[in-house]
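A.B. asks: Spelled out from the first residue to the last, the chains are:
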Amino acid sequence: MTGFLLRRVLGAVVTLLAISVIVYVVFYVTPGNVAQITCGPRCSPEQVDQVAQQLRLDDPLYVRYWHFLEGLVAGQDYSTGTSVEHCSAPCLGLSYQSDQQVTQLILNKLPVSLSLVFGAMVLWLILGVGTGVLSAWRRGRLSERLLTGVTLAGVATPVFVIGLVLMIVVCGQLQLLPFPQYVNLTDDPEQWAWNLLLPWLSLALIEAAAFARLTRASMLETLADDHIRTFRAYGVGERSVIGRHALRGALAPVIALNANNFGSAVGGAVLTETLFGLPGIGQELVHAVNVVDLPVVVGMVLVIGFFVVLANAVADVLYAVADRRVVLA
Amino acid sequence: MSLVDVSDLTVEFGSLRAVDGLSFRLEQGGALALVGESGSGKSTVASALLGLHRGTGARVGGSVEVAGIDVEEASDEELRRLRGGKAAMVFQDPLSSFDPYYAIGDQIAEVYRVHARVSRRAARARAVEVLERVGIPDAPRRSRSRPHEFSGGMRQRALIAMALACTPDLLIADEPTTALDVTVQAQILDLLHTLREETGMGLLLVTHDVGVAAESVDEVLVMRHGRAVEHGPVGTVLGTPGETYTRELLAAVPRVDARRAATGEAGEVVLEATGLRREFGRGKKAFTAVDGVSLTIRRGETLGVVGESGSGKTTLGRMLVGLLEPTAGEIKPGGGVRPDVQMVFQDPVSSLNPRRSVGESIADPLRARGERDETRIRGRVTELLERVGLEGAHYDRYPHEFSGGQRQRVGIARALAADPRVIVCDEPVSALDVTTQAQVVALLGELQRELGLALVFVAHDLAVVRQVSDRVAVMRRGRIVESGPADEVYDHPQDPYTQQLLAAVPALDPEVAARRRAARRELAAA
Amino acid sequence: MSEALVAVETPGAAVPGVSGAGQFWRRLRAQRAAMVAAGVVALLVLVALAAPLLTALEGQDPNTYHSSLVDSARGGVPIGSLGGISGDHWLGVEPQTGRDLFARLVYGARVSLGVALAATIVQVLIGVVVGVSAALGSRWVDQLLSRFTDVIVALPLMIMSLALLAIVPSSFPRPVLVALVIGLIGWGTIAKIVRAQTLTLKQLDHVAAARLSGWGTWRIARRELLPGIAAPIITYAALLVPSNISAEAALSFLGVGVKPPTPSWGQMLTAADVWYQAAPQYLLLPAGALFLTVLALTVLGDGVRTALDPRAASRLRVGTGRKREAKA
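Protein chains in written order, with the working numbering: chain A, 17 to 345; chain B, 19 to 544; chain C, 48 to 375.
Derived by calculation from the structure, the hints in this document are not laboratory data.
Note that this is a predicted model, so its numbers are computed, not measured.
Ideal Cβ positions, reconstructed from N, Cα and C, are used throughout, including at glycine.
One should not assume that every hint holds.
Heads up, incomplete: computed chain B residues facing chain A, CB under 10 Å, no partners named [to be verified]:
1) Ser25
2) Asp26
3) Phe109
4) His133
5) Gly463
6) Leu465
Lysine to aspartate or glutamate pairs mimicking DMTMM-like chemistry, simulated, CA-CA at most 20 Å apart [claimed, not checked]:
7) Lys303(B) / Asp437(B)
8) Lys249(C) / Glu248(B)
9) Lys350(B) / Asp437(B)
10) Lys249(C) / Glu343(B)
11) Lys350(B) / Asp391(B)
12) Lys306(C) / Asp320(C)
13) Lys239(C) / Asp332(A)
14) Lys350(B) / Glu389(B)
15) Lys306(C) / Asp108(C)
Whole structure, please, built from the sequences with the hints as guidance.
C.D. replies: Here it is as structure tokens:
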């Protein structure tokens, strides 16, 4: 088990490094003049030169990447023209727009995004797995057809359409809830939850639909297995066959899907934040993309990548615990 | 009251009538075997005894009564009490018959608690008790292991333990030893026998293997196409069969004690392997599948390679044809000519590409050699198809249109297309019914005589190997433990392992079987 | 109570021959939902192809401003009931600009379907090449490609596309760019599926037999392996199309996808939420179109999967399907 954990952590680190290389190369070797893009269309040639210098554009790419890594590990000093600012590790650089440290910027926005994603994850796991189990159990009956229809509709509805409709109906037409405004969890947990309810729902519904489909499919697959036949042939009741044996077999694929879909859920979170105006990483990323603030974009993509890789590693470990044969193999 | 009373049972799946007007009885404590080839409906009958067809869409007619319960009329609750409580089933594949995620002991305890109102702890204790009963060593500890941590034989024992947990009146065993090696099979059959003697429960055995039936039961019911062909005491049915089909079936069963008719002289050496060794994996996981095997193969002779699972016989075969590179050792063609070794594979389903016509598959070696003339290719393939007992018109058909035996014939035709001097047959008949088996074996013999082929016949079935081989090599854990002329090895085995293997082969004569069982017991007691 | 599966012993005689493709169509046709979905998809494709014709019929085009049709005094609300629906403007006009909604919607279908299809093709091509090479290549090739695939899978598609689309000069034709970006980032899963399937197939005896026949790797890959992986590829591709449609719409919704004036459903939605009371169809039309398209494609994808993999059929299909399958 220890060896497995070690290998998995090492793999995650390597993956992260590879992602950082790809992201760095893709964003700093773009077609066109990076300094010009960075500085913006209204920059004078002098200003562009200054930016180029600041970006060390004269250095070869690997030197620049090395500096970037150095900054991540050891921190870095930046001159902002008038003063020298120290950006402590992990340093992701300075925003071109606001001269703010990217790390700080991200840390400020992180709680909002984490609240959104993890809250929604709880919701989609409960809703999705519950629906899946229920529809596998009620197979062939009206209730199952109904559930299948609803989940299909869920899968087919993009996050922002669900979000828009929810917002307009719940907040606009029915006025059951005010339009969401982020409140810190530490300030007022109750308001935090109420305000995040709609974003959670819109993000969770589509993911829940995917989970319901997978849970149902893999439960039905397990139900066709020989060992299920054994328990039925020994008079074990259907409740126990489904709840204990079939569900247990369906668990591993569900864990795997949760890791796989984490990335797409983060993408959904960007949409949700933009839609509901939540001041999270996603909203900031969209803003940074629109004003071409490269350090912020690169930093955010890396941080998001970090969470996705982390989620995958955790899922792998859980998977191994859920299915011990994996470790032995 | 009979333990089992089946009258005029009919089971239909859609338009397929799997069981057709079957009637039989089994008295308390009796043992009956349903024997038949695939498609005879024997397993369907076993399932019907526990009402397992309920809710599947199968239509069941006639009546089935087990331990006084009318299975068709019983309520769901009554049926649940019957299942496991009064009649318990042992399935074919012990690995997939357990839930991979739970400890064996817990699964047995769970089943026990369905039928007995006892505490969790008491159920656990019962599980350990029955596991001990079926001969699982160190049962209290092993009961906490999950199925994949057991060997195949141990898993089958555990499955029998589960069946014993609720002291049923009837044990239904559906091909209980088909997935097992012959020595393990003997142990399981002996175990079933002992348990019957001690508990007095009835046994309904479903099997395709006449030998297994002869070892285990008092009465035999031979089935074909869902109907009963012949029914009677095991000695009578197997000794003096009344029906033609039974006679054909028995005639097709290869005998381990029958000498092979003398064949022509073996010619020059066509393939010579020395010091073959093959390792898989690296580091801690490395293991040696074949370890220092040397052999020679001569023109016109058959070398039988026999061994249990994991003996390395398949790896050896794949090295001989060049599908696997040996880690060490070398394979030399006799006389310095390219050896042209071809292979006939085990699985008639996966050995033919389902998306290409069989003619195209057979033509592969011709085309690969550069033949471009379509008429010549078609002509040669037609000739080969006819040679293996199929029709030339089968060229454009697809594999799924053929039965298993026919597909195996196609595989042989494909091997012949390359004009090989040696053909390695890897378990060529183990997936086939016994009558088909006999036909394919006969075809191989004919081809060998006509074409002077050298055959390497790799199989686990000792009787089949004896039937076809001039010389035999017995493999165990990657090594050849004994080799020599077939009659010598079979009649006077020198190595203890060979002796053990031969002693485990089920005999067709119930009396011989009983004697052998006694001998095995003595051996085990000693 | 019991739904136990009883193994039906396979009859010795084989079923009379039906070719793979024939069987596929028969199984697909047996599914009513999939056939309805196929009809909807066909209609959508037709609308997309005939967009210029349809708008000509209406007498409008997607980019002409009709400032006379919106009430600038009320912030640009369309004049007339139901957002300005009239004989000239079948589905009303866009608030503020007064552009014809019907025209924008049908031209939007072009963008949506075209981008999604192109992206899918790119994904499948890369995925198949990488997957097959990994499965057939040496240990090192496999290690390298598999790790790289892992990295690609770990990159969140939305985030990467979002970021990439921002830095590419706007001179690059936008719909092509969106398709390329989605395609270049989204091939990870299909590569994994292809690799796994190829590895499974490689173990089969008919591949070994082909090797013994004397064929080389390339020929074996083409004749023995590719037909075998076609089914999972088609299945997965069929499910990729709707997810790519969502991705394109999402990117356009965020303002980094297809740029104005090219009409796109995602873009229409961005602007629509403030107008839901004054011009509800401005919101409902693109949302509905998107929903319908993704739903139809998903149902069709499920149907294709069921038809290609009968084992999956019993899992995914509702209720009584199994009996029908048994007869087929």
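A.B. asks: All the hints need checking, so say for each whether the structure fits it.
C.D. replies: Structure-based check of all given hints:
1. Ser25: 23 Å, violated
2. Asp26: 24 Å, violated
3. Phe109: At 6 Å from the nearest chain A Cβ, phenylalanine 109(B) passes the 10 Å test, so the hint holds.
4. His133: For histidine 133(B), the interface hint holds, since the closest Cβ of chain A sits about 7 Å away, which is under 10 Å.
5. Gly463: At about 38 Å, which exceeds the 10 Å cut-off, the nearest Cβ of chain A leaves the hint on glycine 463(B) violated.
6. Leu465: With a closest approach of 39 Å, the leucine 465(B) hint is violated.
7. Lys303(B) / Asp437(B): 40 Å, violated
8. Lys249(C) / Glu248(B): 45 Å, violated
9. Lys350(B) / Asp437(B): Holds, at about 18 Å.
10. Lys249(C) / Glu343(B): This hinted pair holds, its Cα atoms lying about 17 Å apart.
11. Lys350(B) / Asp391(B): 33 Å, violated
12. Lys306(C) / Asp320(C): Given that 20 Å is the threshold and the Cα spacing comes to 19 Å, the pair holds.
13. Lys239(C) / Asp332(A): Holds: lysine 239(C) and aspartate 332(A) sit about 16 Å apart, inside 20 Å.
14. Lys350(B) / Glu389(B): 27 Å, violated
15. Lys306(C) / Asp108(C): Given pair lysine 306(C), aspartate 108(C) holds - Cα atoms ~17 Å apart, limit 20 Å.
Checked against the numbered hints above, the structure violates hints 1, 2, 5, 6, 7, 8, 11 and 14; every other hint is satisfied.
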